[in-house]
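Each chain, written out:
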Amino acid sequence: MSEKIEINQLFTKEHRTVTQIRGPLIFVERVSNVAFDEMVEVVDPSGNVRVGRVLEVDNDIAVIQLFLSTDGLDISKTKVRFSGDVIRLNASHSMMGRILNGLGEPIDGGPAIIPEKREDINGMPLNPAVRIEPSEFIQTGISAIDGLNSLARGQKLPIFSGSGLPGNELAAQIASQARVIGDNTEQDEPFAVVFAAIGITHRESSYFIERFRSSGSLDRTVVFLNHADDPTIERIITPRAALTAAEYLAFEQGLQVLVILTDITNYCEALRELSVAREELPARRGYPGYMYSDLASLYERAGRIEGHKGSVTQLILLSMPDDDITHPIPDLTGYITEGQIVLNRTLHQKGISPPINVLPSLSRLMNAAIGKGHTREDHRTVADQIYAFYAEGRDLEKLVTIIGEGSLTEHDSKVLQFSKRFEKEYIGQGQENRSIQDTLDLSWELLSEMPDSYLKRIPEEYIRKYKKRR
Amino acid sequence: MSQDNFQTGRINRIAGPVVGATGLDEIRLHNMVLVGEEKLVGEVIRLNAKQITIQVYEETSGLRIGEPISDTGEPLVVQLGPGLMGQIFDGLQRPLATLAAKEGAFLKRGISEPSLPTEKKWNFSPNVKIGDDVYPGMIIGIIPETESIDHRVMVPMGISGKIKEIRSGELTVKEYVALVETPEGKTEKILLVHNWPVRKPRPFNRRLDFNEPLVTGKRVIDLFFPIPKGSSAIIPGGFGTGKTVIQQSLARWSDVDIVVYVGCGERGNEMAEVLNDLPKLEDRTSGIPLINRTVLIANTSNMPVAAREASIYMGITIAEYYRDMGYDVLMLADSTSRWGEALREVSSRLEEIPGEEGYPAYLASRLAEFYERAGHVSCLGSGSALDTTRTKRDGSISLVGAVSPPGGDFSDPITQSSMRITGVFWALDYDLSRRRHFPAINWTKSFSLIDLSQWYSEHVADDFPYLMKSALSILGREHELQQVVQLIGQDALSDMEREILLTARILREDLLQQSGIQVTDVFCTLEKSYWMMKAIMHFHEASQNAMQNNVRLDDLENAVVLQKIARMKELPLESAVDKIKFMINEIDTELTRMQDNLERTNV
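Listed in order, the protein sequences are those of chains H and U.
Each step along the first sequence adds one to the number in the numbering used here, with nothing skipped, and position 427 is 427.
Each step along the second sequence adds one to the number in the numbering used here, with nothing skipped, and position 15 is 15.
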């Protein structure tokens, strides 16, 4: 393969046969030996080079998608060079502490990154037979996550946020507090953070960088920046470049890598823009039919591999348009990721921080990461019981607004009390960093208000052992 | 797969997984082709005088115009023979564990590896002798494939005649086990393996009626919406409603001989979980690890899209092969929506006119063809006139497909088309899953079209159908009453109606809810399930009687025996039934005492 590339580079031909420019797409005619998905360089009339890739080839016509805007290109003078290779990222240990643009090129004024390896940004699918089931409990210090939706190392967990909700703040808090708890884990494992800003504002990205700096992890962080005012189409590359860096650091360098992708909604919009430019048949709400597979090609790049020390854990931020969880972006994401943390506007307005609505939130890998040897034996059943009461409590809250509190039965009014206290004390913890023991103790503190006979989800032995008698 | 005698063409168009080629004018539709220098696997999906269109099952990035394409001369096939059990394959039947050992953690393209181990020696013991008449489907010998499964070696399609030579002992899959002299005087070899085209259903004698339920160990399914052996079912549900958990639980605890689990476009970590668990979990009756009866096919969401379609057909063909041996097979497909989406993607690249939601117009017929491959059948070769032993051989495939409708909305084309074909519908519900009521199967929306009440009356208890209907109607009544309560509060209900709410609550919490983790509760025998239902319904009837004798509802709500009913789940299977029977007496005692007390105070 490498030989072929060299030959290609020696004989690079420039094509001046552009016939059509439409949105981010360029049509070039009379080309030969073009590869699908190949990287191309487009030289505009003033001599500047822009990067793109081949989307489709039909006989001697190639369709090219540019990652920068097509502004200023023309039909007669624009030149196209085919590179003979797919898009690659210069991967190196020295990426940590650097700030790169959305394509992975340094923009912090520092030297170029000397590649230790040049990796295809699309990665390769991981053989499912070598995956290790994630089972190491990550303590985030947030009760609504640790207690009810525990995160495991190697998991991909999105935060479903909305405009005006503190999703980024929550992600930053998790990134600075997260640590692995277990029987046989060394505490000072080498870690790295890969942060990919996808179409977010300068204010949001500087908030993150400031948080990394103040928690002292900035020199272990690789920052990829594609801001809201950067080219939209570049956003297709940014998360791929970031995940390629993460995989390199995890599986070649043996680091425990946390990847933060924010905001995936911007990514999906770029995908839609590209799809519309290609005149593809849209599926729901104009998003392309392959959006599930496309998102999966990002999210599935998390996990642990047999025989490798490192791991990739993903924390994904997305904004639900109009807080609608059935919108294609959160919907397809939820089908791929291993659970979701859902933020809620009503809770936010009530002043509960973080405003996590635990009912639609879920962690699919929780069971493997909790219980005896990980957290505590009663963890699962305590969580189930809290869920049951809180779900009932929320229904009762609605009922009470209609019929008043007076007509509630004793059982119902106890459940309602529980649910209110739970919301205020358990979820609304503010900036506090709670250990999992504190979270479980608080759970029993709340549950102890209930008679034993209500605690149907918890085996009698745990009730005897943990319930506080008064 | 020698391609020496077949044509070679050139690529002239590449658009994602769809590739065009010229120069292959003799190729047949649905033939398998090897694409490009890297020999990626593809299938011919459209023929045109000037161009053929190929769907490539591997990533096409880097493929060039002008690269060669060669015909293999045969359609996409699955290799059938001993060594399937306990393996994990990708959508093209490549053995993933072997590939991992050879090629590393990431899946490269264009790799090929025999599906079945070629060097392994199998201990073949024949049950025919020289001179015996044999015919397709007849069993000529047995190989112990795993601890729990005997591989019954059958005469392949198209071979019949007299046995000329039969071997026994240690053989590899490359060797022949028998020579057959056909009536035309030719000699045919019978090998341990043969290939079968995945899109062609394997033949059988005839379909048989559904006559018994497949016991899953999940109470809500076994009691209210049972799936008969040989039927098909779908589990639709939004994300987080527990489709995969139910499928995995069926794979673990179902009362079948063989499980084929197809992970189609789903999560890699979930496949890792299954792979991790099955070798450790033991079969309830034999104690043999479950991996010995399971075939896994993994085509996770980040693996090539087109291969999702192949993986579903690969799975069902393997299931049919074991059905033909006379086994009860359960095939699980998680998720059929991802397969439908793959169809849509390829269809759109072919520029076909879309049907509903962009899905191709043939979506419904493809789904129907697939689900109709389930069935309870008399196997080919069973009861043949030539069969001297006259042994009857039945087999079944029960097919359970998960469906992932967008936004959890069941009006989507895949849910609707599947619903029309399958006999059993387990509707998963967001609302239930958010309350952590698992399995989140909604009892008002789900159905089972096949009436098994006769089997239940004969094998479980006479009053089973009656109790089941009464319990379901209480749950339905609760639904109506709740709407009243939402509007005007509980006070508007009569005590009798409030007792219905109480019983419905007990049914929901203490019968329908079932833990996926607690060891005593993950699997519930049909007998225990029945007695749990009986106890609750007994409480209901006794309460209604007691209330007619003026016992107050508050007293019933605080009955001590309700504590015991709530803990029925935790009773170990061995002693559960006796304890529940005893508890039913306690219900009577306690409620009678309430009435007596009442009379005493009145006096």
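Treat the hints as calculated values from the structure; they're not laboratory data.
Each hint should be verified, as a subset may be incorrect.
[Unchecked claim] Okay, derived cross-link-like pairs now, EDC-like style, lysine to aspartate or glutamate, Cα gap no bigger than 16 angstroms in a straight line:
1) H:Lys79 x H:Glu14
2) H:Lys465 x H:Glu432
3) H:Lys468 x H:Asp438
4) U:Lys162 x U:Glu181
5) U:Lys200 x U:Glu372
6) U:Lys564 x U:Asp578
7) H:Lys468 x H:Glu445
8) H:Lys420 x H:Glu449
9) U:Lys108 x H:Glu119
10) H:Lys467 x H:Glu377
11) H:Lys456 x U:Asp510
12) U:Lys121 x U:Asp150
13) H:Lys350 x H:Asp441
14) U:Lys50 x H:Asp58
15) H:Lys456 x U:Glu509
16) U:Lys102 x H:Glu306
17) U:Lys108 x H:Glu397
18) U:Lys174 x U:Asp209
19) U:Lys564 x H:Glu460
20) U:Lys164 x U:Glu188
21) U:Lys564 x H:Glu133
22) U:Lys121 x U:Glu175
23) U:Lys164 x U:Asp150
24) U:Lys129 x U:Glu165
25) U:Lys564 x U:Asp510
26) H:Lys456 x U:Asp521
27) U:Lys564 x U:Glu586
28) H:Lys456 x U:Glu557
29) H:Lys398 x H:Glu377
30) U:Lys579 x U:Glu509
31) H:Lys424 x H:Asp452
32) H:Lys465 x H:Glu445
33) U:Lys102 x U:Glu113
34) H:Lys468 x H:Asp452
35) H:Lys456 x U:Glu570
36) U:Lys280 x H:Glu460
[What the hints assert, rightly or not] If you want the footprint, here are the derived chain H segments under chain U, 3+ residues with CB under 8 angstroms:
37) 225-237
38) 278-289
Glycine included, C-beta positions come from ideal geometry on N, C-alpha and C.
Results of checking the hints against the structure:
Under the criterion of a C-alpha separation no larger than 16 angstroms, the hint pairing lysine 79 (chain H) with glutamate 14 (chain H) is consistent with the structure, at around 6 angstroms. As the CA atoms of lysine 465 (chain H) and glutamate 432 (chain H) are separated by approximately 27 angstroms, the hinted pair breaks the 16 angstroms bound. Distance restraint check for lysine 468 (chain H) and aspartate 438 (chain H): the Cα-Cα separation of roughly 14 angstroms lies within the 16 angstroms cut-off, and the hinted pair is therefore satisfied. Annotation: proposed proximity of lysine 162 (chain U) to glutamate 181 (chain U) holds, straight-line Cα distance about 5 angstroms (limit 16 angstroms).
With a CA separation close to 12 angstroms, the supplied pair lysine 200 (chain U) and glutamate 372 (chain U) stays within the 16 angstroms bound. Taking the CA atoms of lysine 564 (chain U) and aspartate 578 (chain U), the gap is about 14 angstroms. The hint holds against a cut of 16 angstroms. Our distance criterion of 16 angstroms between C-alpha atoms is met by lysine 468 (chain H) and glutamate 445 (chain H), whose separation comes to about 7 angstroms. With a C-alpha separation of about 13 angstroms, the suggested pairing of lysine 420 (chain H) with glutamate 449 (chain H) holds against the 16 angstroms cut-off.
A threshold of 16 angstroms between alpha carbons decides the hint, and for lysine 108 (chain U) with glutamate 119 (chain H) the separation of about 14 angstroms falls inside it, so the pair holds. Restraint check for lysine 467 (chain H) and glutamate 377 (chain H): the C-alpha separation of about 14 angstroms stays at or below 16 angstroms, so the hint holds. Taking the CA atoms of lysine 456 (chain H) and aspartate 510 (chain U), the gap is near 9 angstroms; set against the 16 angstroms cutoff, the hint holds. Of the pairs offered as hints, the one joining lysine 121 (chain U) and aspartate 150 (chain U) holds, with about 15 angstroms between alpha carbons and a cut-off of 16 angstroms not exceeded.
Distance check on the hinted pair: lysine 350 (chain H) and aspartate 441 (chain H) sit about 25 angstroms apart at the alpha-carbon level, beyond 16 angstroms; violated. For a cut-off of 16 angstroms, the pair hint linking lysine 50 (chain U) to aspartate 58 (chain H) stands: about 14 angstroms separates their Cα positions. Restraint check: the Cα-Cα separation between lysine 456 (chain H) and glutamate 509 (chain U) comes to about 9 angstroms, which is no more than 16 angstroms; the hinted pair holds. Distance restraint check for lysine 102 (chain U) and glutamate 306 (chain H): the Cα-Cα separation of roughly 14 angstroms lies within the 16 angstroms cut-off, and the hinted pair is therefore satisfied.
Of the pairs offered as hints, the one joining lysine 108 (chain U) and glutamate 397 (chain H) is violated, with about 55 angstroms between alpha carbons and a cut-off of 16 angstroms exceeded. Between the alpha carbons of lysine 174 (chain U) and aspartate 209 (chain U) the distance comes to roughly 39 angstroms, so the proposed pair goes past 16 angstroms and is violated. Pair hint lysine 564 (chain U) plus glutamate 460 (chain H) holds up; C-alpha atoms about 12 angstroms apart against a cutoff of 16 angstroms. A hinted pair counts as satisfied when its Cα atoms are at most 16 angstroms apart, and lysine 164 (chain U) with glutamate 188 (chain U) qualifies at roughly 9 angstroms.
Our distance criterion of 16 angstroms between C-alpha atoms is broken by lysine 564 (chain U) and glutamate 133 (chain H), whose separation comes to about 37 angstroms. The hinted pair formed by lysine 121 (chain U) and glutamate 175 (chain U) meets the criterion: a straight-line CA distance of about 10 angstroms does not exceed 16 angstroms. A C-alpha spacing of about 25 angstroms is found between lysine 164 (chain U) and aspartate 150 (chain U), which places the hinted pair above 16 angstroms, so the restraint is violated. For a cut-off of 16 angstroms, the pair hint linking lysine 129 (chain U) to glutamate 165 (chain U) stands: about 8 angstroms separates their Cα positions.
Among the hinted pairs, lysine 564 (chain U) with aspartate 510 (chain U) is consistent with the structure: their alpha-carbon atoms are about 10 angstroms apart, no more than 16 angstroms. Restraint check for lysine 456 (chain H) and aspartate 521 (chain U): satisfied, since their Cα atoms lie roughly 14 angstroms apart, inside the 16 angstroms limit. Simply put, lysine 564 (chain U) and glutamate 586 (chain U) have alpha-carbon atoms about 10 angstroms apart, close enough for the 16 angstroms limit, and the pair holds. Between lysine 456 (chain H) and glutamate 557 (chain U) the CA atoms are separated by roughly 15 angstroms; this keeps the pair inside 16 angstroms, and the hint holds.
At roughly 34 angstroms between alpha-carbon atoms, lysine 398 (chain H) and glutamate 377 (chain H) are farther apart than 16 angstroms, so this suggested pair is violated. At roughly 19 angstroms between alpha-carbon atoms, lysine 579 (chain U) and glutamate 509 (chain U) are farther apart than 16 angstroms, so this suggested pair is violated. Simply put, lysine 424 (chain H) and aspartate 452 (chain H) have alpha-carbon atoms about 23 angstroms apart, too far for the 16 angstroms limit, and the pair is violated. With a CA separation close to 13 angstroms, the supplied pair lysine 465 (chain H) and glutamate 445 (chain H) stays within the 16 angstroms bound.
A threshold of 16 angstroms between alpha carbons decides the hint, and for lysine 102 (chain U) with glutamate 113 (chain U) the separation of about 10 angstroms falls inside it, so the pair holds. The suggested pairing of lysine 468 (chain H) with aspartate 452 (chain H) holds, with an alpha-carbon distance near 11 angstroms, which does not exceed 16 angstroms. For the given pair, lysine 456 (chain H) sits about 11 angstroms from glutamate 570 (chain U) by alpha-carbon distance, which is consistent with the 16 angstroms threshold. For the hint pairing lysine 280 (chain U) with glutamate 460 (chain H), the CA-to-CA distance comes to about 28 angstroms; that exceeds 16 angstroms, so the pair is violated.
A stretch counts as covered by a chain when three or more of its residues have a beta carbon under 8 angstroms from one of that chain; for the region 225-237 of chain H and chain U the count is 0, and the coverage is violated. With 6 residues having a beta carbon nearer than 8 angstroms to a beta carbon of chain U, the region 278-289 of chain H meets the requirement of three or more and the stated coverage holds.
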